[in-house]
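Just so you know, the sequences run in chain order A and B.
Per the numbering used here, residue 1 is the first one in the first sequence, and the count goes up by one each step.
Per the numbering used here, residue 1001 is the first one in the second sequence, and the count goes up by one each step.
Derived by calculation from the structure, the hints in this document are not laboratory data.
Being a predicted model, the structure only gives us computed values, none of them experimental.
Beta carbons are placed, not taken as given, at the ideal position from N, Cα and C, and that holds for glycine.
Hints are supplied without guarantee of correctness; some may be wrong.
[Stated by the list, open to error] Some but not every residue of chain B turned toward chain A, in silico, with C-beta under 7 Å:
no. : residue
1   : 1016
2   : 1059
3   : 1089
4   : 1091
5   : 1111
6   : 1115
7   : 1119
8   : 1193
9   : 1197
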Amino acid sequence: MSDPSELRTLYQELLQQLQRNEREFRRLGRAVWRVQEDERRRIARDLHDGVGQNLTALKLRLHDIQSALEPQQTVLREGLAQALALCADTLEDTRELSRLLRPPILDDLGLEAALRWLARSHDGRDGARVELELGALPELDGELQTVLFRTAQEALANAARHAQARRVRIGLHCRGDELHLDVRDDGRGCDPVAALASGGNGLGGMRERLRLYGGRLEIASAPGAGLRLSARLPLDYA
Amino acid sequence: MSEPSVRVLIADDHTMVRESLAGLLRGAGIDVVAQAADGVQTLQRAQELQPDVVVTDLSMPGLNGLEVVRRLRELARAPRVLVLTMHQEDEYILQAVRAGASGYVVKDSPAAELLAAVREVHAGRGYFGPQAARALAEQLRHPGRDLGDPYGRLTAREREVFHLIADALTTKEIARRLAISVKTAENHRARVLDKLGVRNSAELVRYASRKGLVD
Chain A
1 MSDPSELRTL YQELLQQLQR NEREFRRLGR AVWRVQEDER RRIARDLHDG VGQNLTALKL
61 RLHDIQSALE PQQTVLREGL AQALALCADT LEDTRELSRL LRPPILDDLG LEAALRWLAR
121 SHDGRDGARV ELELGALPEL DGELQTVLFR TAQEALANAA RHAQARRVRI GLHCRGDELH
181 LDVRDDGRGC DPVAALASGG NGLGGMRERL RLYGGRLEIA SAPGAGLRLS ARLPLDYA
Chain B
1001 MSEPSVRVLI ADDHTMVRES LAGLLRGAGI DVVAQAADGV QTLQRAQELQ PDVVVTDLSM
1061 PGLNGLEVVR RLRELARAPR VLVLTMHQED EYILQAVRAG ASGYVVKDSP AAELLAAVRE
1121 VHAGRGYFGP QAARALAEQL RHPGRDLGDP YGRLTARERE VFHLIADALT TKEIARRLAI
1181 SVKTAENHRA RVLDKLGVRN SAELVRYASR KGLVD
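In isolation and in its complexed conformation, chain A is listed as follows (with noise of 0.2 Å):
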């Protein structure tokens, strides 16, 4: 058997083996997470910019020919309109999947244009208002606006669809050197340990999300209380 010593520098190495493994997990998490929101941007862009464009040109050409049409072609005409009326139908298809993968406003404008147009969307819709209040923040890399608008997206999914809240307050501000998003909501609530056990989509998924870039997520809630989602996340995460 070792000495103590030796004992303290082998506890020591495997230590520190194991957190070289925790940084090395949780960049490769976030190499994952990158690759598929890029390819949901990417898809989302050539949705936006590529099928949307083409159904503009369409309907420019359309008009055209409408424009050129006799007074008295009727069945063109109506035969027009009515094709004319699908290409509106699909262009607003096409700009809602696109917004659905990936909100164009996000990488256009940035995380604080892309909050405010969340939180207006979703004022009213379901019964809810929604309030959001923005602190100063610093300059973010795309990878942190990203992991706080999905956060705040999904709790503001969550908090409207399952817990029929009939207000929404959302908060981001930065203090120090972390970034601390705040939901809150009146809904009905829920057990906070059953939900953060479930991985994948919903409040597990997001913390486990949240934790690729050293952050952390708690859950403050009881039934019929309401819930409390405080998502707190450091500046410098590699």
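Add chain B to chain A, keeping to what the hints say.
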């Protein structure tokens, strides 16, 4: 024809949209002097040809569309700018107006509306589609709801300092370049960083390149 001829530059990276648009404008007697497929080309063409109106998309490769609008408005003989885009969200509209756009129309608006928009903007008036008008009215009603483009909140002097910092000049060099005291340059620098919410020059450069504010 008694109507004054309107000289238009069309900027859009999507060829089919550009061609359709050019056809539509020409059919209505509007003179399409050139087309451009990206931001840099748009600025070059605008400078060479001095069109009355630039009809531009916001999503183009190379240079952020909002920055294109901003730089067009800063040209010696600045054209009027009509933004024609797929984006309907309020945030885009407000930032485009802040950047200096005189009009904002979504791409799938009826052809008649596009023509009206070009003519109105040319006549020196603004033109905003129903969605854009609603967003602007909403912003007037809730001015506190700042839709945040910190760069747009910089003063002209601060913007000068911003670009010098982005070009990696030291505070001393900035003072010399602008013929101001080092202390004043220091103050400008601090205010710029503060308004942008960045902590140092490196973060400012990152901000600038992300927003397409530097080449």
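Results for each hint:
For residue 1016/B, the suggested interface contact is upheld, since its CB lies about 4 Å from the closest CB of chain A, less than 7 Å. Taken as an interface hint, residue 1059/B checks out: its beta carbon lies about 6 Å from the nearest beta carbon of chain A, inside 7 Å. About 5 Å separates the beta-carbon of residue 1089/B from the nearest beta-carbon of chain A, less than 7 Å, and the hint is met. At a threshold of 7 Å, the smallest CB-CB gap from residue 1091/B to chain A is about 4 Å, leaving the interface hint in force.
With 7 Å as the threshold, the beta carbon of residue 1111/B comes within range of chain A, its nearest partner Cβ sitting at about 4 Å, so the hint holds. Hint on residue 1115/B is violated. Least Cβ distance to chain A is approximately 11 Å, over the 7 Å limit. The closest approach between the C-beta of residue 1119/B and any C-beta of chain A is roughly 17 Å, which is over the 7 Å cut-off, so the hint fails. At a threshold of 7 Å, the smallest CB-CB gap from residue 1193/B to chain A is about 10 Å, leaving the interface hint violated.
A least Cβ separation of about 5 Å between residue 1197/B and chain A falls short of the 7 Å threshold, and the interface hint therefore holds.
Checked against the numbered hints above, the structure violates hints 6, 7, 8; every other hint is satisfied.
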